[in-house]
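Visitor: Sequence:
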Amino acid sequence: MTDVFFHSFNAPFWQYFIPDKPKYRQWWDDALRMGLENPTDRTFVVEDTVDGDRIVAFSRWMDDGNLERKWPDMEPEEWDMEVAEAFFGGMEANRHSMMGRRPHWMLELLGVHEDYQKHGIGASLIKWGTDQADTDGLETYLDGSEVGQPYYRRRHAFTGMTADVDIPDRPSYGSYRYKSLVRLPQKTT
Numbered sequence: 001m002t003d004v005f006f007h008s009f010n011a012p013f014w015q016y017f018i019p020d021k022p023k024y025r026q027w028w029d030d031a032l033r034m035g036l037e038n039p040t041d042r043t044f045v046v047e048d049t050v051d052g053d054r055i056v057a058f059s060r061w062m063d064d065g066n067l068e069r070k071w072p073d074m075e076p077e078e079w080d081m082e083v084a085e086a087f088f089g090g091m092e093a094n095r096h097s098m099m100g101r102r103p104h105w106m107l108e109l110l111g112v113h114e115d116y117q118k119h120g121i122g123a124s125l126i127k128w129g130t131d132q133a134d135t136d137g138l139e140t141y142l143d144g145s146e147v148g149q150p151y152y153r154r155r156h157a158f159t160g161m162t163a164d165v166d167i168p169d170r171p172s173y174g175s176y177r178y179k180s181l182v183r184l185p186q187k188t189t
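Using full-length UniProt numbering, the letters of the sequence shown correspond one by one to residues 1 to 189.
Warning: the hint list may mix true and false statements.
Said to hold, decoys possible - Under the rule of at most 27 Å between Cα atoms (straight-line distance), these lysine-lysine pairs were calculated in the DSS-like manner:
| id | residue 1 | residue 2 |
| --- | --- | --- |
| 1 | Lys21 | Lys70 |
| 2 | Lys127 | Lys70 |
| 3 | Lys118 | Lys179 |
To be verified - What follows is a set of in silico ranges between Cβ atoms, one per label pair, in the way DEER data are often shown:
| id | residue 1 | residue 2 | range |
| --- | --- | --- | --- |
| 4 | Trp128 | Pro171 | 23 to 29 Å |
| 5 | Lys127 | Pro171 | 34 to 40 Å |
| 6 | Met74 | Ala11 | 19 to 25 Å |
| 7 | Gly120 | Asp166 | 29 to 35 Å |
Hints were generated in silico from the structure; no laboratory data involved.
Backbone N, C-alpha and C define an ideal beta-carbon position, used for all residues, glycine too.
Given these sequences and hints, build the entire structure.
Guide: Written out as structure tokens, the structure reads:
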């Protein structure tokens, strides 16, 4: 799944913030392992069975969106801590502000390898969670990139509240816009 992350999150922001280097790969390995060990997380992995069972996509859903996200420790000398605190802290602050303590489903992670994008894999992974939320009559929360936001709105009805995650600009990536989005429950038939 770590390899999929580096082949799906490859905008200049990600190359700066979490570059494809061994120590950051280890951090992602640890982060993904934490999610697999968390009993409230639902992690899905998509494999290409024609290509040697290669992992090509993953998602992580939390059925209790009020729980705190867990991430491995970050060594300040290895990370841009201003960006890390703005990114991770901004997502948490937005979720608390937008959702309060209301029960909701949360899409925490979604990655589709660049070679497999635009084939409906990500849509299927998103639909699983939004279907669960609809069945439960609950809202769905996610944080998405500027590129993904129109897709989440148009294809998956994330048309409720929105809030920006304010990330500091850096010369290596310029500016990067991330947004928190809410999807209201849809009627199930």
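Visitor: State for each hint whether it applies.
Guide: Now the hints, each set against the structure:
1. Lys21 with Lys70: holds (22 Å)
2. Lys127 with Lys70: Within the cut-off at roughly 24 Å; holds.
3. Lys118 with Lys179: holds (21 Å)
4. Trp128 with Pro171: 23 to 29 Å: Because 39 Å falls outside the window, the suggested range is violated.
5. Lys127 with Pro171: 34 to 40 Å: Distance hint for Lys127, Pro171 holds at roughly 39 Å.
6. Met74 with Ala11: 19 to 25 Å: holds (20 Å)
7. Gly120 with Asp166: 29 to 35 Å: Distance hint for Gly120, Asp166 holds at roughly 33 Å.
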